[in-house]
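> Protein sequences appear in the order of chains A and B.
Residue numbers for the first sequence follow the numbering used here, beginning at 268 and rising by one.
Residue numbers for the second sequence follow the numbering used here, beginning at 229 and rising by one.
Among these hints, one or two may not hold up.
[Said to hold, decoys possible] Distance condition first, Cα-Cα at most 25 Å in a straight line; then the derived DMTMM-like pairs of lysine to aspartate or glutamate: (1) A:Lys358 - B:Glu510; (2) B:Lys345 - B:Asp412; (3) A:Lys286 - A:Glu434; (4) A:Lys358 - B:Glu497; (5) A:Lys358 - A:Glu315; (6) B:Lys232 - B:Glu496; (7) B:Lys386 - B:Glu597; (8) B:Lys345 - B:Glu565; (9) A:Lys358 - B:Asp412.
[Stated by the list, open to error] If you anchor each label on the Cβ, the simulated ranges turn out as follows: (10) A:Val348 - B:Ile517: 21 to 27 Å; (11) B:Arg453 - A:Leu330: 41 to 47 Å; (12) B:Arg390 - A:Arg404: 50 to 56 Å; (13) A:Gly318 - B:Arg595: 46 to 52 Å; (14) A:Tyr351 - B:Val363: 41 to 47 Å; (15) A:Ile375 - B:Leu257: 53 to 59 Å; (16) A:Asn282 - B:Ser461: 32 to 38 Å; (17) B:Ile517 - A:Leu338: 21 to 27 Å.
[As the list claims (entries may be wrong)] Just a sample of chain B residues kept apart from chain A, beta carbon distances all over 12 Å, derived: (18) Leu246; (19) Leu487; (20) Gly492; (21) Val553.
In short, the hints are calculated from the structure, not lab data.
Ideal placement from N, C-alpha and C gives every residue a C-beta, glycine not left out.
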Amino acid sequence: MAERTDIYGLLAEFNAPEKVLAAAQRAYAEGYRRMDAYTPFPVEGLAEALGFHRTRLPILVLLGGLFGGALGYALLYYAEVIDYPLIVGGKPFHSWPAFIPIVFETTIFFAALSAVLGMLALNGLPMPYHPVFNVPRFALASRDRFFLLIEARDPKFDREATRRFLEALGADGVWEVEP
Amino acid sequence: MNAKMLEALSRRAVGIGLVGLSLALIVALVDPEHFWPSYLFGHFFWLGLSIGSAGLVMLHHLTGGRWGFAIRRILEAGARTTVLMAVLFVPIFFGLSSLYEWTHAEAVAADDILRHKSRYLNVPFFSLRAVLYFVVWIALAQLVTRWSYEQDRTGDPKLSHRLRALSGPGLVLYGGTITFAAVDWVMSLEPHWYSTIYGIQFILGQGLTAFAAAILIAVWLSRARPLSEILTSDVSHDLGNLLLALVMLWAYVAFSQFLIIWSGNLPEEIPWYLRRTRGRWEGMAGLLIIFHLLIPFLLLLSRAMKRNVRTLAALAGMILTMRVVDLYWTIMPAFEERGIGPHWSNAAAFFGIGGLWFASWARAAMRHELIPVHDPGAVEGRASHE
């Protein structure tokens with residue numbers, strides 16, 4: 268069972284993309300869920316092996332777009348009908364065809380804005396500090412080494428058992444990550 | 229299995245075509261007033277499918293992408309039907325005086341605008357241009373399909389380069405000829421009216437028509453190999469995204485024309501919309517907004533809808549139906565102005581020409597592999613799936 272630990276997790280180092288992919292699949296099959304992998308280049312299938320799931324970003328973008336469209340329409344309606352009614356080209360004050368281009372723009376603007384901000388929020392970015400950098404060898408993740416991290420807050424995490432498990436997967440080294 | 233399906237389709241289509249055209253012929257003899265608009269509408273819809281197909285094939289040669297390999301042979305067979313459509317255009321030369329006001333010397337003499345346009349809108353020049361359009365379309369359609377079929381036999385990768393080299397200038401020629409053809413054959417039905425975005429509207433409309441039809445046919449053929457293997461959910465997703473893009477482009481262009489004419493509110497422009505938003509045409513305009521834009525747009529936003537070939541086919545079918553409605557709504561109110569309203573022969577000519585179109589299409593599709601087997605891009609696309 269998980270005990271109270273004072274570490275962030277265990278970081279296993281591998282020297283080939285197939286090895287980290289196989290290790291992630293094994294760890295997922297073993298029941299580990301709170302894990303992440305760090306590689307110098309995208310490894311195909313790794314995200315799925317880690318249990319990557321779709322986010323709620325699309326629905327956020329949809330809501331952002333709807334909000335932007337409604338806001339744009341309300342803005343135009345307020346300006347053209349309530350606050351400063353002005354006859355243009357003999358048209359009624361509430362001339363929806365003329366509103367469409369601006370409503371379209373505000374829809375796109377708010378949808379794009381919620382895509383960027385929503386992506387950052389769901390990713391937990393910006394993140395000025397991350398414990399993995401406490402392991403000096405982690406710098407090699409951007410060069411030629413592949414890392415698999417299992418976090419201590421995973422219910423299955425056990426400082427000793429998890430270390431033995433990672434070593435058995437063929438890791439070149441397993442490092443404890445200071446919080 | 230595909231061969232059998234195509235054979236059955238071809239036989240049934242010939243039957244429908246002959247029945248439809250016979251009925252239309254009877255109307256032509258007893259009630260030519262109603263026959264000519266029906267024939268023009270039917271011909272223009274199916275011609276759009278032929279040349280839209282060729283346009284998409286050329287577009288795919290320029291852009292690449294795995295979506296194209298699933299539907300390219302279907303589109304190529306569509307391009308091959310251009311010859312049939314050229315033959316079926318011939319009767320229209322005999323109906324010019326029934327169709328177009330500007331062919332009547334008295335009407336032209338009495339109308340300043342028509343007199344000014346008569347250097348362009350006159351029967352000899354009109355006929356010369358029509359012949360020229362078909363020469364360009366047939367030449368491009370034949371070349372772009374022949375080299376592709378040749379590659380199936382020889383496997384020569386150089387043919388891909390040749391197809392790409394043809395497609396750039398080919399698309400430019402297509403854009404120009406379709407614009408002029410739309411002005412000649414449809415816009416000049418109401419010779420006082422003009423719109424500069426008209427050509428793009430037809431190019432996009434025909435591209436969308438051909439794309440939706442190709443998706444439907446591909447899903448139908450995917451009951452058997454090879455399309456059952458090619459039409460994966462990834463490819464279906466790509467096709468869905470493109471369908472969404474085309475629907476939005478169509479709406480963008482259609483709305484642009486409306487917004488400009490509505491804002492200007494000028495006496496020579498606005499009647500076009502007044503005619504099309506009165507009585508039965510108003511309901512039809514509403515149908516277009518709901519089923520050609522709102523519903524496909526909202527549903528095509530959904531990833532699950534796009535990745536499922538069945539729902540994608542249903543959406544493509546809805547859009548294809550709306551393409552018919554859109555063209556009907558664009559062409560027919562011009563005749564109602566002269567007292568020629570909707571008539572059952574509209575459907576007879578539409579299905580008659582459509583039957584022959586599908587028969588010609590199925591014959592072209594049967595003769596070749598259903599996917600370009602030796603295209604380097606197609607082979608690459610398959611490899612990356614495995």
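> Which of the stated hints cannot be reconciled with the structure, identified by number in ascending sequence?
5, 6, 9, 14, 19, 20
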